[in-house]
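K.L.:
Residue 132 in the UniProt record's numbering is what sits at position 132 of the sequence shown, and the numbering runs on without skipping anything.
In short, the hints are calculated from the structure, not lab data.
Hints may contain errors.
Pairs of lysine-lysine residues, derived as PhoX-like cross-links and limited to a Cα-Cα distance of at most 25 Å, are as follows [said to hold, decoys possible]:
no.: 1; residue 1: LYS60; residue 2: LYS113
no.: 2; residue 1: LYS109; residue 2: LYS78
no.: 3; residue 1: LYS60; residue 2: LYS26
no.: 4; residue 1: LYS60; residue 2: LYS33
no.: 5; residue 1: LYS109; residue 2: LYS15
no.: 6; residue 1: LYS15; residue 2: LYS33
no.: 7; residue 1: LYS26; residue 2: LYS130
no.: 8; residue 1: LYS26; residue 2: LYS78
no.: 9; residue 1: LYS113; residue 2: LYS15
no.: 10; residue 1: LYS26; residue 2: LYS113
no.: 11; residue 1: LYS60; residue 2: LYS15
no.: 12; residue 1: LYS109; residue 2: LYS26
no.: 13; residue 1: LYS109; residue 2: LYS130
no.: 14; residue 1: LYS60; residue 2: LYS109
no.: 15; residue 1: LYS130; residue 2: LYS78
no.: 16; residue 1: LYS15; residue 2: LYS26
no.: 17; residue 1: LYS78; residue 2: LYS113
no.: 18; residue 1: LYS33; residue 2: LYS113
Pairwise CB distance ranges, derived in the manner of DEER restraints [claimed, not checked]:
no.: 19; residue 1: TYR11; residue 2: SER41; range: 35 to 45 Å
no.: 20; residue 1: SER88; residue 2: ASP132; range: 28 to 38 Å
no.: 21; residue 1: THR2; residue 2: PRO63; range: 16 to 26 Å
no.: 22; residue 1: TYR11; residue 2: VAL144; range: 13 to 23 Å
no.: 23; residue 1: LEU83; residue 2: GLU52; range: 26 to 36 Å
Every residue, glycine too, gets a C-beta built ideally from N, C-alpha and C.
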Amino acid sequence: MTNLIRNGEFYEGEKDWSVSDPEHVKFNEDDCKITSPGYISQDIIFPSAAEEYALSARMKTAPGFTACVTLTLHPSGKVLALLLENASNWQVLTDWTEAPPGTTGATVKLETKAETGVATSQFGSLELLKLDEKPSGNILEQIVAWWRSLFGARR
């Protein structure tokens, strides 16, 4: 599957990203540091219609603050948010959303929620995938699928 977010690993710095305030956003070799109230965003045009999308982000933030990745689907305005609080070590958050009929694209926004200039969050990678099959809501099914993927068990 192809990542619909361009430069989601930040290897090319700010390429493909709109930067709100360069003073509060810094790109390194493979991550992006955002200090409040700065943010970065990217508009994504979906190449084909799909019903479900999965959003995944690797991020960390200072204790007492929140790193936030927001995906807004267009034209419906439906929002999927990944929020990470009080995590100074790298964490990977993943969630999925059903796209309403007529969805043509999205905007992804990365930011730190805190008072101005107080907190910094780091974002190490970002991925948006079109799902072929909706994830099961049954946790037992998810565990069994994970186990089978590790050990090659057949159904």
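K.L.:
What are the numbers of the hints the structure violates, in ascending order?
P.N.:
Failing hints, ascending: 7, 8, 19, 21, 22, 23.
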